[in-house]
Amino acid sequence: MPKRTDLKTILIIGSGPIVIGQACEFDYSGTQAVKALKEEGYRVVLINSNPATIMTDPEIADATYIEPITAEFIEKIIVKEKPDAILPTMGGQTALNAAIELYEKGILKKYGIELIGAKVDSIKKAESRDLFNIAMEKIGLEVAKGKFIRSFDEAKNFVKEVGFPVIIRPSFTLGGTGGGTAYNLEEFENKVNRGLTSSPVGEVLIEESLIGWKEFELEVMRDVNDNFVVICSIENFDPMGVHTGDSITVAPAQTLSDKQYQVLRDAAKKIISEIGVETGGSNIQFAINPVTGRVIVIEMNPRVSRSSALASKATGFPIAKIAAKLAIGYTLDEIPNDITKTTPASFEPVIDYIVVKIPRWDFDKFRSSNPESDVLGIQMKSVGEVMSFGRNFREAFQKAIRSLEIGRYGFGADGKDIYDTEYLLGLSAVEKAENKEKILSKLKVPRSDNIFYIRYAFLTGATVDELYDATKIDKWFLNQLKDIVLFELDLYTYSFN
Amino acid sequence: MRKGKLVLENGKVFEGFIFGFDGTAKGEVVFNTSFSGYQEIITDPSYYGQIVMMTYPLIGNYGTNLKDSESIKAQVSGFITGNYEDDWSNFEGIESLNNFLKQNNVTAITGIDTRELTREVRSSGAMRGIISPDISSDEKLLNDVLNIPSMSGLDLVKNVTTAKNYIVSSDSPKYKIAVYDFGIKKNILREFLLFENELKVFNANTSPKEILDYNPDGIFLSNGPGDPAALDYAIENTRALIPTGIPLFGICLGHQLVSLALGGSTYKLKFGHRGGNHPVKNHLTNKIEITSQNHGFAVDESSLNKDVIKISHTNLYDGTNEGLVHNKYPVMSVQYHPEAAPGPNDSKYLFTEFMKLVDEYKK
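First to last, the protein sequences are chains A and B. So for the first sequence, numbering that gives the first Met the number 0 puts the first residue at 0; every next one is plus one. So for the second sequence, numbering that gives the first Met the number 0 puts the first residue at 0; every next one is plus one.
Possibly wrong hints are sitting among the right ones.
Said to hold, decoys possible - Stretches of chain A that chain B covers, calculated by requiring three or more beta carbons in the stretch to come under 8 Å of a beta carbon on chain B:
{"id": "1", "stretch": "251 to 262"}
{"id": "2", "stretch": "290 to 298"}
{"id": "3", "stretch": "351 to 363"}
{"id": "4", "stretch": "385 to 392"}
Think of the hints as simulated: they come from the structure by calculation, not from any bench. Model, not experiment: these values are computed from the prediction. Glycine is no exception: its CB is placed at the ideal position from the N, C-alpha and C atoms.
Could you put the whole structure together from the sequences, leaning on the hints where they help?
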């Protein structure tokens, strides 16, 4: 299908100020989208409250408004600029929320403005837990099991069904007071009873816990003709329980067989159709049980995401640019592949290298006041990231550590370790065992500096199995790290003489 | 691992380390761009006589398992990787790729600059090559390479087809499908068994009479290795079966045989299509399918008589032919692999479409 000629002016919503979890990646995608639409001859109007962005440079859009991203201000822009459509999928959650607000307040209807890229129904279906779960059930995919209960007996029956660990969330308590994770019946009884008491309505949500499962993401695209492609698969080095934004991630997925990967691809195809993202990119996340292989759908983002910036650079496929072109009616086979120029964008990129992303944190200001500040969990804490390319994981990983600008030149062997290699190797057997236990026990709690402690653990004689038990990091990755340590030890056997 | 060499017929030498079976491998060197699926590829009979190189550099990560083999043994002559990863991890895995290759007598080489090798094959075309632990004389190895028979004009099907005909069936089958085995992948049989089918798998050289004596509701022509134009008997048999009006479906080599039987011609591609990301346009629906591909020969689209057939599918990378349907008879065939294994499942609908033809015919 050729591009739409019924649209003349398109409004793009930016993502506003930089916060953790929503940073310059949306400036990157928004700028690409503005350029792509202008290239196609549309008049592009932009709103973004953050002037420290490329997209708000005067020569980028036809008209730029540095105003608060609220329905009130957007309406004023609408009155003045009379856009035919709004593209809300480039500015992260902020832009999607603004689009929903415009819809709820009847502003879109009042001025006859169309949302392109994602419709209100799709956004709601993806964002509402209930609607999303119903949609997944409809297409035969599993989500994490959960149940509201009002008595311990009820809770016990449910936990028999799903097994430990489970997450306990009392209803309507501030900041989740009285909740927690239970690994056995004793803990479970305590926490459920405490939750029932602390909840003002005497209700507790029990959820199957996916902590320690393998985590994967697929960056996918779809066009109006229902053509579907996976741009990139991403595997999280850190297991479920650590936010993707705080996880080391690699692309493409490393530890799945083709059949296992195709299960995710088929699921992603069904999900994007069912949620109804007609055009553009989405990010879909899965958890896989490391023992049984059971696949759980975690969530989908019906927009370009933090990961799509990574996927674009890992593969050379400009997701935001192509998403913008799909939003105005092109199909994937009508858009040229950005790299070859002669073949179409309707393909799945293959690469002959591995990409590693490592998050960068900045806890120094907080650590003294709260020693728990660098514990990683379901809320993202990293303030940036680096990515690197290599012909194997070890190479890409080492390059990424050098690039972090934390004063490290790699995974050990740079004289910057808290525990010097020679010191650890020189310990007596008893001392080694003691230190090993200490380190393994520290590693059970995900923290920003754990990666270096994995190395110390190997140097005190910890095995891959012991480290897996402590961290639930897939043994494939642990073996890769072990190989780096073994190489270092091998180097020690040489001398300049 | 001990040192080894890969020598190509153009004289190019790559040094690496031998893994798998400690021996020598000879064959045509081709590359596959899939990230995963090495076990399927190694056991796919269409790769008979070929040394397969994976462009993705990390191979072995998830080991090997009981589900992924596409035939009862390894079929490739040799295997090449950039980085062989011996420490595998996967919930379905049972052993390392190294052990799998050892048990299957396949010699492999790792530590090769596969990017450079890919460039070499892309620019010079598919070449014969040898993997050898004997690194003393490149000249001797090159001499061995030049004695390997070239792929063109070679009937490799006779090495991989089933010697004895056999029957596999789903519970309470409704239809009978006669399957020509030119080196069939197991997943094609698995796909057919999802329908109510009894499958009788025949040796490649079975006469049309014997096929018709089975009284089939459908006929299937499988994938397979080598040059389709060398298979005179199969082309003739296909030519005889098309006008019977029994629905006929061909995949890969099967597609080439249908084309040749209808008067078309085939040619050898410079370096072939092997991977799981090729976009193919279906002209009947205008939709794009991401397809699994493995072929070194292609059908010359201009040689097909458009009064007899319709072009159904085209490769969007290079415009080569990917499928046809017959105007008069219920005959359909595709160059790519709807059964995937490895690769995306976008094209599984072709089995459903064929079964519709079978159902109509039976009525």
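Go through the numbered hints given earlier and state which of them the structure violates, listing their numbers in rising order. When the structure is compared with the hints, none of them turns out to be violated.
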